[in-house]
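Protein sequence lines correspond, in order, to chains A and B. The opening position of the first sequence corresponds to residue 1 in my numbering, with each subsequent residue numbered one higher. The opening position of the second sequence corresponds to residue 1001 in my numbering, with each subsequent residue numbered one higher.
Simulated from the structure, these hints should not be mistaken for lab results. Relax, there's no trap hidden among the hints.
If you anchor each label on the Cβ, the simulated ranges turn out as follows:
1) B:R1300 to A:Q340: 30 to 38 Å
2) A:A289 to B:E1309: 39 to 47 Å
3) A:E48 to B:R1205: 52 to 60 Å
4) B:G1261 to A:R64: 39 to 47 Å
5) A:V207 to B:T1147: 30 to 38 Å
Which chain B residues face chain A? A few, computed with CB under 7 Å, are given here:
6) A1262
7) R1277
8) G1345
C-beta atoms are modelled at their ideal positions from N, C-alpha and C, and glycine is treated no differently.
Number of protein chains: 2
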Amino acid sequence: MPEIDTQAFLRDLHELRAIGRYRTGVHRPTYSPQDMESRRWLMQRLEECGLAPTIDGVGTVFGRHPGEGPHLLVGSHIESQNEAGWLDGALGVVAGIALARAGLPVDVCAFADEEGHFDVGFLGSRSAIGEVTEAEMDASRNRTDGTPLREAIAAAGLAGLPRMRLDSGRYRGFLEMHIEQGTVLEEAGLRLGIVTGIVAIWQWRIVIEGQQDHAGGTTMAERRDAGLAAVRLLAAIDEAFPKVCGERSTWTTGRIALDPGAPSIIPGRAEILFQFRDVSVPVLERMEATLRALIRESNRRERCKATLEAISCATPALCDPGLMGALSGAAETLCPGGWQTMPSGAGHDAQNVAKIMPAAMLFVPSIGGISHHWTEDTKEEDLALGVRVLGAAAERALA
Amino acid sequence: MPEIDTQAFLRDLHELRAIGRYRTGVHRPTYSPQDMESRRWLMQRLEECGLAPTIDGVGTVFGRHPGEGPHLLVGSHIESQNEAGWLDGALGVVAGIALARAGLPVDVCAFADEEGHFDVGFLGSRSAIGEVTEAEMDASRNRTDGTPLREAIAAAGLAGLPRMRLDSGRYRGFLEMHIEQGTVLEEAGLRLGIVTGIVAIWQWRIVIEGQQDHAGGTTMAERRDAGLAAVRLLAAIDEAFPKVCGERSTWTTGRIALDPGAPSIIPGRAEILFQFRDVSVPVLERMEATLRALIRESNRRERCKATLEAISCATPALCDPGLMGALSGAAETLCPGGWQTMPSGAGHDAQNVAKIMPAAMLFVPSIGGISHHWTEDTKEEDLALGVRVLGAAAERALA
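The following block holds chain A by itself, in its conformation from the complex:
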């Protein structure tokens, strides 16, 4: 079993935490000075471990192992959400450093902008598998302040650099260690999660058109209240979805906007952002069929017209059984009975890398399930156990 220096691993994590510190978390939005400082810090660490570091035209940092293969690719992302936690992304990158330091034949990567500060989405990992066109980059903007991606890249000193492409033939596969961002492990009293797949998000916009009217002059019978039709539809979804969902499906109404949204005006229009997630396409299709049936039923029942628009319907990324076997074997050796398999409800770079090579993920518990918030945290003994399991699994996968 490889000797992982967990003290050096934790020291690295804390050093990285100091870059862009925000309360007990970090604020390192993509291409910010703090983000670029963290990328330079990473390149130094990779060099110290004997890897050849590069940064590419979108900011992805890559450390190439100089020796013979077979190789594994290990990593995640290094920028953070705004005023967010210290482990999301950083953990998987620093775990890669730890494996390289232990002498394992791994390349380490920190894919740019997994957090989606720019609207291209998963810029680094999608670019690295050849999915991002120049035109897509030309059109992309920062979701918060509207800065064009090209401008932000130039300001960060990355203009003109080539974009790296992953050579799938070089690798046995990709390993990404990450915090769970939920409470499944914590509530089960477990310390490790072997990810079976990354759920696909099927995101919808539901628009309901009624008739804007005066809330006093218009009787209940006369109304075509788009807001009320929206409430009834969402209540019907709330009732129907538990009967058709999978064991770990989730569904979420993130936004309900009534137009004009004034106290004494019957809403003439309602817009709903609704999504569901699962790792199984048949389950996703069952939920879609239910949603469509409920919208048809709404249109039969209500004096408002509901229409459904698919914003995105991705394919779930299933983890590689061989790599999962290596992870669960290592977990059972180092922490017998202390792990379980589970899907990832959140998206990760691994879902993109999985399109060109075997990929797998290892979760460690999130205290209180908190993430995307500066209070995000994980016990140090769980972080240390996780990186040791990742190292042992890498050794098994490379054997």
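The hints should help you fit chain B onto chain A, whose structure is shown.
Just chain B now, kept in the frame of chain A:
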């Protein structure tokens, strides 16, 4: 029966429609140049009819009959909503001119800012009954552009003018003719509505506090989804209110705001603007008790905390039975079987005047129920019938 010159009445309405014309409607926000022009136009008309016109420190135009009493007060308001209809308010004021022209002993008033461009609310009629303090005026601003009320009054040339107070002892009562702003009369095939009372609006803010979380990492069982709790509460209201409401009660959810309102974030907070209206206090109290019970039930059932805040709980203004009798007697004489009694779902200046003297309202049909929109309209024969009924009712009330 008084001889109402309906041709002159319609001519006045069309002249006033030309001031601030917007498509087939008008745009005369309070204290705008168009609004002030319409107030000057009104003062000239009042003078021609033998009344002594004044304008007061908030812009209310008042025409005083020079002769012996008993008197009636007749009027409404003259400013419009933005880009709105030609009859809302204007009809009741021009009807007052018509009654004065016919020699009836009426004072005519156009109360300022019934439409609430300034946040003091019903500025003119509330000021005229002594309800608006100087401090309230100091604090009031335009709801659209934030201009302080004092500044707007000064810019309109009204600074320093005294505010008029109605002398309730002078009047047998107040009559306000208005468009219905609904389709009750149109659908019933009727031409006149005798208003029984002006509904009170009981306006509430419901705040639901949950826990903002990642829509992927958080299982359905773990969630404290404030948006879902809001949907369930509103669906319960939708089910319960028809069982406790009055015949003409209305209830409206004007706004649902989920925080932060992003597609992949479980809302941590929901804010709902909910109101109900009725002319009967026992009915209003029954609806309030139901709302409070549903919120208690939500707090037992959900992992989110709902709280209820009363924004305003006004008292319904009941119309005076004597004046209603005069109106219905006149209606039955001039249009047998063509009228009905009905509540007003919208607020009117009459609800304030009713606090100090008997008051009543006469409705004429709105084509398609449309108001607060430039397409607002009423058939000219209905307008003419309405003013004749108002004149005949005034004569009865003064007898």
